[in-house]
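J.: Below, each chain spelled out in residue letters.
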Amino acid sequence: MLKKTIWYSVFTVAIAGIVVLAGGFYQALKVTTESSPYQPAKVIMAQTSGSSTEAELKNTNSLQLLILGDSIAKGTGDEKGKGFSTDLPQAIKTDTPKDILVTDAGINGLESQGLLAQLQNGSLNKPLAGANFILISIGGNDLRTILSLNPQAQEDEFKIKQDSYLSNLKQVLTILRSSNPNAYIVFLGLYNPYEKTTTEEEVSLWQEWNYNTEQLIESNPKAICIPSDDLMKFNLGKYLAPDGLHPNSAGYLALSDRIRKSLGGVIAGM
Amino acid sequence: MQQTPVLQLKNIKKTIKGKEIIKHIDLTLYPSQIFGFLGPNGAGKTTTIRMIVGLIRPTEGSVTICGHSVSRDFVKAMSNVGCIIESPDMYKYLTGMENLLQYAAMNKTIGRQRVHDVVEMVGLQHRINDKISTYSLGMRQRLGIAQALLSRPKLLILDEPTNGLDPAGITEFRNLIRRLAYEEGMTVFVSSHLLLEIEEICDTVSIIKQGTVIKTGAVQELLHEDKIEWQLNDPQKAIALLDEHWNIKAVQLKKNTVSARLGEPSLAEINELLIKEGLELTYCSSKQNTLEDLFLGLTEGDQIV
Amino acid sequence: MYSLIENEVTKMIAKKRLMFVLAILVILISVFAYGQNRTLARTKAQLTQRMGITATTDWHKLAEQQLIDMKGRLDSPYMDAKSQSSLTVKMQQLQYDLDNNINPLDQSAAKFTATFMEQSIFLFLPLLIVILAADMVSGESSSGTIKLLLVRNIPRWKILLSKYLALIILEVVVIFCAFLLSALISGFFFGFGGWMAPVATGFRVLAGKLDASGVFNVPEWQFSLMVYSLAFFVAVVVGSISFMISVLVKSTAASIGIILATLIAGNFISFFLSDWTLTHYLFMVNLRLTDYLSGAVQPVDGMNMLFSVTVLIVWALVSTIVSFVYFTKKDILV
Numbered sequence: 001m002l003k004k005t006i007w008y009s010v011f012t013v014a015i016a017g018i019v020v021l022a023g024g025f026y027q028a029l030k031v032t033t034e035s036s037p038y039q040p041a042k043v044i045m046a047q048t049s050g051s052s053t054e055a056e057l058k059n060t061n062s063l064q065l066l067i068l069g070d071s072i073a074k075g076t077g078d079e080k081g082k083g084f085s086t087d088l089p090q091a092i093k094t095d096t097p098k099d100i101l102v103t104d105a106g107i108n109g110l111e112s113q114g115l116l117a118q119l120q121n122g123s124l125n126k127p128l129a130g131a132n133f134i135l136i137s138i139g140g141n142d143l144r145t146i147l148s149l150n151p152q153a154q155e156d157e158f159k160i161k162q163d164s165y166l167s168n169l170k171q172v173l174t175i176l177r178s179s180n181p182n183a184y185i186v187f188l189g190l191y192n193p194y195e196k197t198t199t200e201e202e203v204s205l206w207q208e209w210n211y212n213t214e215q216l217i218e219s220n221p222k223a224i225c226i227p228s229d230d231l232m233k234f235n236l237g238k239y240l241a242p243d244g245l246h247p248n249s250a251g252y253l254a255l256s257d258r259i260r261k262s263l264g265g266v267i268a269g270m
Numbered sequence: 271m272q273q274t275p276v277l278q279l280k281n282i283k284k285t286i287k288g289k290e291i292i293k294h295i296d297l298t299l300y301p302s303q304i305f306g307f308l309g310p311n312g313a314g315k316t317t318t319i320r321m322i323v324g325l326i327r328p329t330e331g332s333v334t335i336c337g338h339s340v341s342r343d344f345v346k347a348m349s350n351v352g353c354i355i356e357s358p359d360m361y362k363y364l365t366g367m368e369n370l371l372q373y374a375a376m377n378k379t380i381g382r383q384r385v386h387d388v389v390e391m392v393g394l395q396h397r398i399n400d401k402i403s404t405y406s407l408g409m410r411q412r413l414g415i416a417q418a419l420l421s422r423p424k425l426l427i428l429d430e431p432t433n434g435l436d437p438a439g440i441t442e443f444r445n446l447i448r449r450l451a452y453e454e455g456m457t458v459f460v461s462s463h464l465l466l467e468i469e470e471i472c473d474t475v476s477i478i479k480q481g482t483v484i485k486t487g488a489v490q491e492l493l494h495e496d497k498i499e500w501q502l503n504d505p506q507k508a509i510a511l512l513d514e515h516w517n518i519k520a521v522q523l524k525k526n527t528v529s530a531r532l533g534e535p536s537l538a539e540i541n542e543l544l545i546k547e548g549l550e551l552t553y554c555s556s557k558q559n560t561l562e563d564l565f566l567g568l569t570e571g572d573q574i575v
Numbered sequence: 576m577y578s579l580i581e582n583e584v585t586k587m588i589a590k591k592r593l594m595f596v597l598a599i600l601v602i603l604i605s606v607f608a609y610g611q612n613r614t615l616a617r618t619k620a621q622l623t624q625r626m627g628i629t630a631t632t633d634w635h636k637l638a639e640q641q642l643i644d645m646k647g648r649l650d651s652p653y654m655d656a657k658s659q660s661s662l663t664v665k666m667q668q669l670q671y672d673l674d675n676n677i678n679p680l681d682q683s684a685a686k687f688t689a690t691f692m693e694q695s696i697f698l699f700l701p702l703l704i705v706i707l708a709a710d711m712v713s714g715e716s717s718s719g720t721i722k723l724l725l726v727r728n729i730p731r732w733k734i735l736l737s738k739y740l741a742l743i744i745l746e747v748v749v750i751f752c753a754f755l756l757s758a759l760i761s762g763f764f765f766g767f768g769g770w771m772a773p774v775a776t777g778f779r780v781l782a783g784k785l786d787a788s789g790v791f792n793v794p795e796w797q798f799s800l801m802v803y804s805l806a807f808f809v810a811v812v813v814g815s816i817s818f819m820i821s822v823l824v825k826s827t828a829a830s831i832g833i834i835l836a837t838l839i840a841g842n843f844i845s846f847f848l849s850d851w852t853l854t855h856y857l858f859m860v861n862l863r864l865t866d867y868l869s870g871a872v873q874p875v876d877g878m879n880m881l882f883s884v885t886v887l888i889v890w891a892l893v894s895t896i897v898s899f900v901y902f903t904k905k906d907i908l909v
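Protein chains in written order, with the numbering used here: chain A, 1 to 270; chain B, 271 to 575; chain C, 576 to 909.
Careful, some of the hints might be misleading.
[Unchecked claim] Here are the simulated distance ranges between beta carbons:
{"no.": "1", "chain 1": "C", "residue 1": "Ala829", "chain 2": "A", "residue 2": "Tyr26", "range": "36 to 42 Å"}
{"no.": "2", "chain 1": "C", "residue 1": "Trp796", "chain 2": "B", "residue 2": "Gly393", "range": "56 to 62 Å"}
{"no.": "3", "chain 1": "A", "residue 1": "Ser204", "chain 2": "C", "residue 2": "Trp796", "range": "50 to 56 Å"}
{"no.": "4", "chain 1": "A", "residue 1": "Asn235", "chain 2": "C", "residue 2": "Arg613", "range": "32 to 38 Å"}
{"no.": "5", "chain 1": "C", "residue 1": "Phe882", "chain 2": "A", "residue 2": "Ile160", "range": "37 to 43 Å"}
{"no.": "6", "chain 1": "B", "residue 1": "Lys346", "chain 2": "C", "residue 2": "Ser718", "range": "26 to 32 Å"}
{"no.": "7", "chain 1": "A", "residue 1": "Val19", "chain 2": "B", "residue 2": "Thr298", "range": "53 to 59 Å"}
{"no.": "8", "chain 1": "A", "residue 1": "Ser164", "chain 2": "C", "residue 2": "Gln670", "range": "54 to 60 Å"}
{"no.": "9", "chain 1": "A", "residue 1": "Val19", "chain 2": "B", "residue 2": "Gly393", "range": "38 to 44 Å"}
{"no.": "10", "chain 1": "A", "residue 1": "Tyr26", "chain 2": "B", "residue 2": "Pro301", "range": "23 to 29 Å"}
{"no.": "11", "chain 1": "C", "residue 1": "Lys646", "chain 2": "A", "residue 2": "Asn220", "range": "53 to 59 Å"}
Read the hints as simulated data drawn from the structure, not as lab findings.
This structure is a prediction, so every number in the text was calculated from the model and none was measured.
Glycine included, every Cβ here is placed at the ideal spot set by N, Cα and C.
With these hints in hand, go ahead and build the complete structure from the sequences.
T.: Spelled out as structure tokens, the structure:
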């Protein structure tokens, strides 16, 4: 009798199962082959690029700021959603009566290669040409990829990464200069968000990276490399976002303030 | 005869992988008959049975069961057959009863009562709910017969049925076969390499050798032709007498033994005369080994193919 | 026909094959769930250590910040139009987690259930099906019971069809049990919820590239349903092929061996010969159907859901036809 019972339950499960699974199978096919029911809105893009074209209507009463680079350029981590694109103009505003127009082209996760490509494809030509200041934050994502490697591989990979990074950065500077010889370029140095877990070797690699970057940037007369590590190192608890990587709102404010101070001399003269 | 034959094999041939296993077989079986299919190992008995039940196709010829061709009307033909082939292979992980229920479920005409009847017929009622893996060969043989009987077949085919049965079981089995044939009108097809088996229960026998039926006849008729041995004091005289009175060519086997094949005259008649002529007849053996002699004589010098 | 199928299923159950398969499932799911639990704990510990803050307990802030961040990215003029929908999908997921107070790092029974089958579909599930299917005909051949089965007043094709249908029934049972067991067992580790959480799907492979522009969220229960349906489809295909081998080969061990070798070879082939177009038509390289669903697919030119499903259907059909033709014609000599 037990066997009969098992058979009946097996049979019921099978019949019900086949119906349900056939439905699921149909759905799965539909989902992966048909065009989706949700069409992403592409309007947003048109709108914002419209506002940036507005920006390059040369207004002598305004200063133009172009922000380039990775998630830090983008303002990631700011719980108020502001970042440099809001904080920096506000900071600068204290030194100048002029309006500050901002174009923020930061992209999360961008590496130096990506930045170069972004500049090469020409989409930034107009904001680039009109910019008075260019803020760049790049390299963190290049360097971060070597963290997970073992010490031996780390050193090898570091050299490879650094070489390509420096060469990319060099080309980036060339492009910037060729389309805009006069803008002040501000490069934000790397800080170390992983203070507690970094090994000595890693610290020295990271310093080497910063040093070489600084050398490259400073060789350009109208460019400055502003370190961020001295500001962040003992203030990680205060300035770091919950993701443990990006600055938080206070962090961006502090960094913006520092940049303002560095640029104070040139802004006053504009 | 006017009756429809239960089983008819017409000019059966079978070649497997270029080898002619069955060369030529013709057979006709009528209802209520116990038929013996006798042959040495490898003569083609099992192959023939497989062709009868449609497990393999004859290369040539036709098999008809109760008027239905096995190849063209398999379902109707097989409705009339119950069989065991070679060994009684059962599902070891099921009990005897579950095995029978499996087969019963495959035929709507078989009810639960029939299953119980069949179990009783073969005397398995005490162990029927045990797993087959615990069964002896004899018990599996009984279960095999039970499964063959389930559908009340008109033709029952049993391949080496007494393998593994104990003497009591063999007797029981023979009684069962006789009852089925003579009371229920079944035709029973028994294949065996054991002479005693065939001699004991069969009405008709075919002897198969190297894929060909070499002799078919009623067991009684075949026995008539068989050899008799006498032990007597004067073999030469006996030989002369046999030749003189019945034209029987006898031979001297051992010192005091004479052997001959009998035709018309009865053994009693001959013995009476021998004693009358003053011969001292110490022993006379007849039937017991005769079919064996016939069989050995017919299959003499054969190698197993 | 009904009682013939019942016979076959009864045999499979009595043979303990089904129990065996279910036992393997229980063991493996338990091990997986335990392993996932350990990994999760370790990841959390690592995160806490690395970030210096309790990202695992303080995930609300983190999630909120990520949300703001993604919103910012979505508004960016330099946002790639194609990534917009995947960003929207991610935002919806994060929003759901926030609204329902679910730490995005945490596993749930629902997530585990879907992941388990996604990971099993190309090797483990076929293996279970092979255990069932490889024995269906060759088992009867090697034990000799096939003789008694074929001398009934039932045509051979009906016998074989009953076996095939019994196999399909058992496949449903295996899929059903895999679902039930992974939901239950992982529930003890991760809690039984998560069935309404959004999961991204709707990826397409266009011109050899994964296209995420049409991505959208479906609830986890629906996603699991689709995953298990695809798994069932794969089970039927692998079952049909194993069934054919089982018909062609007399010994169960040999038929299991042949199919396992084929499956494992398939995994090698998809590694080493992926640019050889002919290999795309092998059934083994087309088994990872769920990857199309979850977007985990390694895009290969010319291969998409429709292609894979068609290839698998053709394999199943041909196998079934070969099985039936061979079985109804062959001489039973065992």
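J.: If any of the earlier hints don't hold here, list their numbers in rising order.
T.: 8, 9, 10, 11
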